[in-house]
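Protein sequence lines, in the order shown, are assigned to chains A and B.
Take my numbering: the final residue in the first sequence is number 168, and no numbers are missing along the way.
Take my numbering: the final residue in the second sequence is number 1305, and no numbers are missing along the way.
Hints in this document: simulated from the structure, not taken from any laboratory.
Possibly wrong hints are sitting among the right ones.
[Unchecked claim] Calculated cross-link-like contacts (lysine-lysine; reagent style DSSO-like; alpha-carbon spacing at most 27 Å):
(1) A:LYS134 with B:LYS921
(2) B:LYS1041 with B:LYS1160
(3) A:LYS109 with B:LYS1160
(4) A:LYS109 with A:LYS134
(5) B:LYS921 with B:LYS970
(6) A:LYS109 with A:LYS140
(7) B:LYS1041 with B:LYS970
(8) B:LYS1160 with A:LYS134
(9) A:LYS140 with B:LYS1160
(10) B:LYS921 with B:LYS1041
(11) A:LYS134 with B:LYS970
(12) B:LYS970 with A:LYS140
(13) A:LYS134 with B:LYS1041
Given the structure is predicted, the values throughout are model-derived calculations rather than measurements.
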Amino acid sequence: MTVDLTINGAQGRIEILAPAPDCRFRIGDAAEQQAQVERPEPGVYSILIDGRSYEAHVEETPRGLVVTVRGFHFEIDVRDPRRRGRRASARGREGVETLAALMPGKVVRVLVAPGDAVEAGQGIVVVEAMKMQNEMKAARGGRVASVAVQEGATVTAGEVLATIE
Amino acid sequence: MRNLALLQFSCMVRKVLIANRGEIAVRVMRTLREMGIGAVAVYSDADRTSLHVRMADEAAHIGPAPSSESYLRVDRILDAARRHGVDAIHPGYGFLSENADFAAACGAAGIVFIGPSADSIRSMGSKTAARRIAVTAGVPVVPGTERGVSLEEAHAFGRENGYPILLKAVGGGGGKGMRAVEREAELDSAFRNAASEAERAFGNSQIYIERLITRPRHIEIQVLGDRHGNMVHLGERECSLQRRHQKVIEECPSPLIASHPEMRRAMGEAAIAAARSAGYYNAGTVEFLVDADRRFYFLEMNTRLQVEHPVTELVTGLDLVRLQIEIAGGARLPFRQEDISWQGSAIECRIYAEDPYNNFMPSPGKLTRLTRPLGPGVRLDGCIYDGWTVPVDYDPLLAKLAVWAATREDAIARTQRALGEFDVGGIRTNIEFFRQIVDDEEVRAGRLHTSLIEEFFTRHRQPAPPEELTAVAALAAALHTGANGNGNGAGQRSSSDLSPWLSAGRSDLLR
Chain A
4 MTVDLTINGA QGRIEILAPA PDCRFRIGDA AEQQAQVERP EPGVYSILID
54 GRSYEAHVEE TPRGLVVTVR GFHFEIDVRD PRRRGRRASA RGREGVETLA
104 ALMPGKVVRV LVAPGDAVEA GQGIVVVEAM KMQNEMKAAR GGRVASVAVQ
154 EGATVTAGEV LATIE
Chain B
795 MRNLALLQFS CMVRKVLIAN RGEIAVRVMR TLREMGIGAV AVYSDADRTS
845 LHVRMADEAA HIGPAPSSES YLRVDRILDA ARRHGVDAIH PGYGFLSENA
895 DFAAACGAAG IVFIGPSADS IRSMGSKTAA RRIAVTAGVP VVPGTERGVS
945 LEEAHAFGRE NGYPILLKAV GGGGGKGMRA VEREAELDSA FRNAASEAER
995 AFGNSQIYIE RLITRPRHIE IQVLGDRHGN MVHLGERECS LQRRHQKVIE
1045 ECPSPLIASH PEMRRAMGEA AIAAARSAGY YNAGTVEFLV DADRRFYFLE
1095 MNTRLQVEHP VTELVTGLDL VRLQIEIAGG ARLPFRQEDI SWQGSAIECR
1145 IYAEDPYNNF MPSPGKLTRL TRPLGPGVRL DGCIYDGWTV PVDYDPLLAK
1195 LAVWAATRED AIARTQRALG EFDVGGIRTN IEFFRQIVDD EEVRAGRLHT
1245 SLIEEFFTRH RQPAPPEELT AVAALAAALH TGANGNGNGA GQRSSSDLSP
1295 WLSAGRSDLL R
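Whenever a hint applies, use it, and build me the whole structure from the sequences.
Pasting the structure below:
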């Protein structure tokens, strides 16, 4: 299995040559490595390499995987067409940007209407969660193609709020 | 010392309703259980499965999720209290805890309010009244005008007291109509802007003035008084580490006071004087700003148990909730000032459901995994459990991680260790943020002030992760993706960069 990944903005590739638990893998064109891998809890990987013990914690978030190892934080985008298609925050059709809720909450204000011209960073929808109001902003400029929510609506994380083309 | 105390209750407390939820309701319940007192929880629609309901002896539903329809409804809470036949109500912090009408309504219903009198709450609840009380008690306040001033009077204040000064709206708060003025040349335009902003925001263009204290420390004093006129202070908590004016880390001793121990007595006596002149009893906290010359100024008094009370408990060995209940029941303080001593060093971190890598966006949702930090010197107050769904309706405090150790240096190391063990899955938390801030040079050196965290974000560069850890993260991500059936099939190769990851990455990620 070969997986192309972006880690904290840097691109790379990992090849899994033998599956867990007695895993062999290669990163880029570096030498092959061996790892003994167990998953003691969901999302937790206990990994032994050359007698050293690591624990990686993997979280699935609306913006990709977040992996923590020994206090270091990695944001990892797994570039797989099927996976990307399911992520509401990713680009969908060519030239269309979907704006998704980053957390569950309640829509308190819709700041734009379909057809409005918007700039990158402009607030589109205000979602309230945990007594805080958060403006969901356009990732790029364009025209509002659709608004999928109304004021007062409850949304879940990853739910599409609006599209911009 | 405790045994002396024995606390002839003038009215016996057998059952207490906790008019709160989450972390603090659980905290209060633990003491009630140790005292053999029945605990009654209240809950909204959003909290049926919350830990405070599960732990309680009895529980009463008080309405829908919005707190205005449940935890802030005096009528529903008193109704629940009557139905369950409680003797007393503990308000916790937040919600109705500093609502004088609620305290008065409890009294009128024949139920003991575990806290100060309604009059004390009322007078300390008003900024101007509290300031007058402090001045009357001889406690220093930030030099300022007591009322709105004209531009000419503002110039006179600046000449007399020096710059920088702070213009503030008489009619409101929240930063509206507020301007910092560094020198006299800026005063005219700042004054006009502040006044017109205040007029728009509050319909009142009046501006008053305070001297601006730059990079102050926030140090507060815990006081405790009984209803027989006895009052002591239990030392300080330094809460200078704040983000958006919210405390995130608190500690005792304050590093400043540790090197200037005479300040504890001076501030403690000032706090007692202020509290006494408001006729205060039960637990309360007097907050001070401390300037670079170690002068302290009364800021306000919180007439309730504070979120950060565990650090005081850890260094004094006292249970503040227990003392609150005993005092409310009519008991005398079981000790005098000279009986109070402080051992070691305690630090508390407020663990929130928020994403430090995404502008601290709230992160409610279901906890899919939980490992609590344990071991020597670790205390965790919280309401979390594996499988709990954090509601979107309330503030995002999940838990308070407090540690105790013999010295501040050891307490910092212990905090780091405990944060490393603390694993919450399914939602994002600020645990990783704490690991970095606690490791900061300025924090370690104890050079704290209220802008430290803001400055930390601008000067801090996250160290690049070692290559070996990047490889481990990549392996875990690949296996996780594969395990969930989303992996690429073998042989699907792209022509993209084949080099191993650069560890450079996004060094400014934590913002």
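Against the structure, the hints come out as follows:
1. A:LYS134 with B:LYS921: holds, 24 Å
2. B:LYS1041 with B:LYS1160: holds, 25 Å
3. A:LYS109 with B:LYS1160: holds, 17 Å
4. A:LYS109 with A:LYS134: holds, 10 Å
5. B:LYS921 with B:LYS970: Within the cut-off at roughly 16 Å; holds.
6. A:LYS109 with A:LYS140: holds, 16 Å
7. B:LYS1041 with B:LYS970: holds, 21 Å
8. B:LYS1160 with A:LYS134: holds, 18 Å
9. A:LYS140 with B:LYS1160: This hinted pair holds, its Cα atoms lying about 25 Å apart.
10. B:LYS921 with B:LYS1041: Given pair B:LYS921, B:LYS1041 holds - Cα atoms ~20 Å apart, limit 27 Å.
11. A:LYS134 with B:LYS970: Holds - the C-alpha atoms of B:LYS970 and A:LYS134 are around 20 Å apart, at most 27 Å.
12. B:LYS970 with A:LYS140: holds, 24 Å
13. A:LYS134 with B:LYS1041: Distance ~17 Å between A:LYS134 and B:LYS1041 Cα, so the pair holds.
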